[in-house]
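Protein chains in written order, with this note's numbering: chain A, 1 to 79; chain B, 1 to 960.
By construction, these hints were calculated from the structure, which means they are not laboratory data.
On a predicted model such as this, the values are computed, not experimentally measured, just so you know.
Where a beta carbon is used, it is the ideal one built from N, C-alpha and C, also for glycine.
Hints are supplied without guarantee of correctness; some may be wrong.
Facing chain A, from chain B, some residues (calculated, C-beta under 8 Å) [stated by the list, open to error]:
1) E135
2) V136
3) E599
4) E676
5) E677
6) E707
7) A711
8) R712
9) E716
10) T854
11) K859
12) L864
If you want a taste of the chain A side facing chain B, the calculated C-beta under 8 Å gives, among others [claimed, not checked]:
13) F3
14) R13
15) S14
16) R26
17) A27
18) G31
19) A32
20) W37
21) S63
22) W64
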Amino acid sequence: MPFLIDCPNCGRRSPYEFKFGGECKRAPDPGADVKAWCDYLYLYENMSGVQDEWWYHTMGCRSWLKIRRNTVTHEIIEE
Amino acid sequence: MAGRLPGCATQVLDRARPVRIYFQGRQVDAFEGDSVASALLASGIDTFSRSFKYHRRRAPSCLSGQCSRCTMSVDGRMHVKTCQTSVREGMSVEPHGSVEFDPKSLADTFSWALPTGFYYKYFYKPQWFWKRVKEVFRAMPGNMATVRPLAGKSRIDAVNLSPEMLVVGGGLAGIEAAITAAQAGVRVVLAEADGWLGGFDAFQGEAGHRRAQDSIRRLREHGNVRVLTSTWVSAIYPDGLAICVQSCGGEGPEGVLERVFHVRAGTTVIATGATSVPPLFENNDRPGIILPEAAQRLVHLWGIRPGTRILLAGGDDYLARVGLELIDKGIGLAGLADYRESGPDEALRARLSEHGVRIWSGYKVTGSHGRTRVEGATLAALGGSDVQTVACDTIVASSGRYPRHKLLGQAGARMAYDSGLNFYLPEDVPRAYHAAGRLLGLEDPEAIMAQGRVAAVRALEGLGIDVGTMGQEARQALERPSPLRAVSAQPLSTEAGKKAKTFVCYCHDVTEKNVEQAVEEGFSDIETCKRYTTATQGACQGGMCEANFTHVLARKRPELGSRTLPTTRPPVASISLGAMAAGHHDNPQLSPLHHVQLEHGGRPMRLGSWIRMNHFGDELAESLAVHQAAGICDVSMLGKFRVFGPDAKKLLNRVMTREVGNLAGNKILYSSSCNEEGILLDDGVVLKMGEDDYFVTTLAGRAPVTEEWFARWCREEDWQVHVVNLTETRAGMNVAGPKSREILSKLTDADLSNEAFPFLTWARVKMAGVDVIAMRMGFVGELSYELLCPSSQAGFLWKRILEAGKPLGLVPFGIECLNICRLEKGHAIPGLDTDGFTNLFESSFGWMLNRTKTETVGKPMLELFSDRPLKEQLIAFSMDGKSPVLDGCLVVKGPRQLGRVTSIRYSPLLDKTIGLALVEPDEDWREGGKVRLWLGEGREVEAAFAKPPFYDPSGGRMKA
Ligand code: FES
Ligand SMILES: [Zn+2]
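Isolated chain A, as found in the complex (with noise of 0.2 Å):
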């Protein structure tokens, strides 16, 4: 994968040891209706350009970490 993934607690480290969590995005209320759910679960924006996005270090220090990226250019944005 062509960039690499800033860890607070690991340092740079190649996104391999990594899983992807996909966009960020909040789960509806429990209580929400099956349309608000399935949209969550099913519909994705599939960004072209920038989005934050998770990623949990699985082979590091396993945390989630929030990372924004732009999805074409590969860089990450730093906050």
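Keeping the supplied structure of chain A fixed, place chain B with the ligands upon it in accordance with the hints.
Chain B with the ligands only, in chain A's frame:
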């Protein structure tokens, strides 16, 4: 061709050190420094391999690892490029198949029966026919070897390097780039495919040799350059990982065959050079037809005569210069055919004529003749109708020049065709990559060196490294005029309708006619044409054929206007599976009870990330012992977690399907968990250890996933909850069977009676002096205690329990027995009896969904499913006696497949084979229904649908 030229400085041979290798058992004398190919060529061997489709004779044509025509088995390793392999004493070399007499070469005569894309056109009907003959066809291709395990000890190593700069190519440009970076004080890795440095100049006679040696000497002054020779950079991935494979020829006591360097450099200079394009004419694949670089390598590096009567052919002054070098070494020339009307440069022409070399200007070679090797060539005047035949034993030919651009392409650069130069130049080279040297069409050594320095300076500047005055000096040197070398393109006349073959792709025997035919059939785009004809997809990965392939395509479809190259993908050259696997170390987890179980006869097996004991000799006897007396089983691989903090309950209620809030005292809560789609993930138990302090177990081997899953559900909350993974610090053992209470009572003062310690409760007890959490569970259907203790004391406790239990019939048991017993109870295991599509209701765990709790992960979707028909379901079945059916067997009904058997075992207690199956709903899944299991080849067995448990339905035994 046999015999060697006198020694000289340019040669890489050490004539004082003879080496013997064995070709088909016959001794071949070589010298230290020879490659296997050079040794065989020097001894007069002409045919190295037979071609893929037509079984034509093939021999080395590049001697630089690009054409793949020299591959043989070396010391049992197949498909080794012999030109890239150094000789070693006693080496045994075998061609793939019989190359001298090959009856399959009949295919050459019947080539009309193998049109372009014949496997798409023929290989599907009639079906019965292809089913029968497919094995015959599979055995047809030439140059194929059988995989055999290596006889000797050998290994492939992996090394990780992270220099600031990687330089690919050890020619003048690469060396200069490396020196420049070294002077700036950074660490450099320089990878060179040949066994020596110098690149193109290493085989340019005395002058080139001197230039190369001078550069090498200056390079050696720097300690911060790591030079890797005999190393192919086979791939560059976009994250900057370069895979460099060094061939080590079985060095050292461990016999290292290859060393794989995983190089992650800050910046990369690619100076891979350029190479001649093979010529297009009839029978252009005959042994004896070689590239000019190969002729130079033979003469200058190994002192071998390429032939005794050599015809040079092409449209480039380079060939005239090579001709003069050959004359210089006393090698006879048959002449020079130059397809340019004007012929070679005036001065070169004069010198050639001085030596009486015949020059045909405006002539093109149109075909070669000969039996096992070239014996002559046909020349035709391009402008007129004159045709001549020339006797020769070797044709040194080229039809242009081509950059070795593959790595640049992998890095993301595009190659654009420059029709003036007849050369491809890189465009849009990504930031961290820089091209240098002959790869850019440069010719003048001074310019090449200057360009290498500039590339390094740019690369260093890209890294933010101060290069001082070096930058300016390098740029000034480059400004001196040094034109790129133009090479005229070979004029192509249409060959359609001719009988003889003109090869575009040598690896897959794709001819010019095949390509034309493909275009006529509509495959005119280079990507589709390449796939349809399979040109450029062979072992050379396009290295030998891409240029001609695009050339032929461009002539056939001039309206396309431009020439694009097919996409380049890793690897550049064939790479061994061993090299790919190198560096991956398998580290299975061992239970703290691993060794003590081995002492007791445990038979280990790999299960997921753990090694567990399959059985201790006899799983059937073990299962009977569990029912009649007692057994002990290692369950240390269960995931074990402490979840605590003020918000612990919130987390557990979210991930567990059952309500945790009501858990009180020493009750055990058995629960499952689902993902957001309601798919069953896991099952385990929850114990409440104190206020806001819980202990949770999960399925064997699932601990890492559970950890991620728990963290995932708190990551967006500001909850105060800690999840501590205790899996490795706590061992687990399950003591089960009617005698288990009696046995354990011997080791503890605690009251283990059913009244004091009933089913589904837990207690802290001291057992043989060890602090233990004991849980009364019923997985195997008998009275049982699951004991968790500190890992360091587990072995001790295990031994004490075995001692105490032996007189009462206690035996250790493994997972086979565990499987038998849990199937007798009809217990399913999530992930084994269910899969990634099985929701909670379909899995027989539906009863565990708390309907009132709303926060449960997956609940909203489960609500949606709850009033819909199931898509699949888990059923149980049984058969009398032993059955040959295995896990994974299909469940069928007539022609339909309803699902599969997920677990099946023979129970000696019931004398029945019992199992679970994940199947579509069907009306047969009722009392008296039949479950049909498919054994293959039309055979089926019938089992009876059953409602579990098969054993002790009231559960009286486990609650006793
Ligand atoms: S001669 Fe060995 S690959 Fe070309
Ligand atoms: Zn980390």
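Evaluation of the provided hints:
Violation of the interface hint for E135 of chain B is found here, the shortest Cβ-Cβ separation to chain A being roughly 39 Å, above the 8 Å cut-off. This hint is violated: V136 of chain B has a C-beta 43 Å from the nearest C-beta of chain A, more than the 8 Å allowed. Hint on E599 of chain B is violated. Least Cβ distance to chain A is approximately 34 Å, over the 8 Å limit. At about 6 Å, the closest approach between the beta carbon of E676 of chain B and any beta carbon in chain A falls short of 8 Å, and the interface hint on this residue holds.
Satisfaction of the interface hint for E677 of chain B is found here, the shortest Cβ-Cβ separation to chain A being roughly 6 Å, below the 8 Å cut-off. Interface restraint check for E707 of chain B: the shortest CB-CB distance to chain A comes to about 6 Å, inside 8 Å, so the restraint holds. Below 8 Å, beta-carbon pairs count as interface contacts, and A711 of chain B has one with chain A at about 6 Å; its hint therefore holds. For R712 of chain B, the interface hint holds, since its Cβ comes within 8 Å of a Cβ in chain A; the closest pair sits about 6 Å apart.
Hint on E716 of chain B holds. Least Cβ distance to chain A is approximately 6 Å, under the 8 Å limit. About 4 Å separates the beta-carbon of T854 of chain B from the nearest beta-carbon of chain A, less than 8 Å, and the hint is met. A cut of 8 Å between beta carbons decides the hint on K859 of chain B: the least distance to chain A is about 6 Å, and the hint holds. At its closest, the beta carbon of L864 of chain B sits 5 Å from a beta carbon of chain A; the interface hint therefore holds under the 8 Å criterion.
Look at F3 of chain A: its Cβ gets to within about 6 Å of chain B, closer than 8 Å, so that hint holds up. The criterion of a C-beta within 8 Å of any C-beta in chain B is not met by R13 of chain A, whose closest approach is roughly 11 Å, and the hint is violated. Hint status for S14 of chain A: holds, given a least beta-carbon distance of 7 Å to chain B, under 8 Å. Here the hint on R26 of chain A is kept, as its CB sits about 6 Å from the closest CB of chain B, short of 8 Å.
A cut of 8 Å between beta carbons decides the hint on A27 of chain A: the least distance to chain B is about 7 Å, and the hint holds. Taken as an interface hint, G31 of chain A checks out: its beta carbon lies about 6 Å from the nearest beta carbon of chain B, inside 8 Å. The interface hint given for A32 of chain A holds, since its Cβ lies 7 Å from the closest Cβ of chain B, which is under the 8 Å cut-off. Taking 8 Å as the C-beta contact cut-off toward chain B, the hint placing W37 of chain A at the interface holds, the least distance being around 5 Å.
Satisfaction of the interface hint for S63 of chain A is found here, the shortest Cβ-Cβ separation to chain B being roughly 7 Å, below the 8 Å cut-off. Hint status for W64 of chain A: holds, given a least beta-carbon distance of 4 Å to chain B, under 8 Å.
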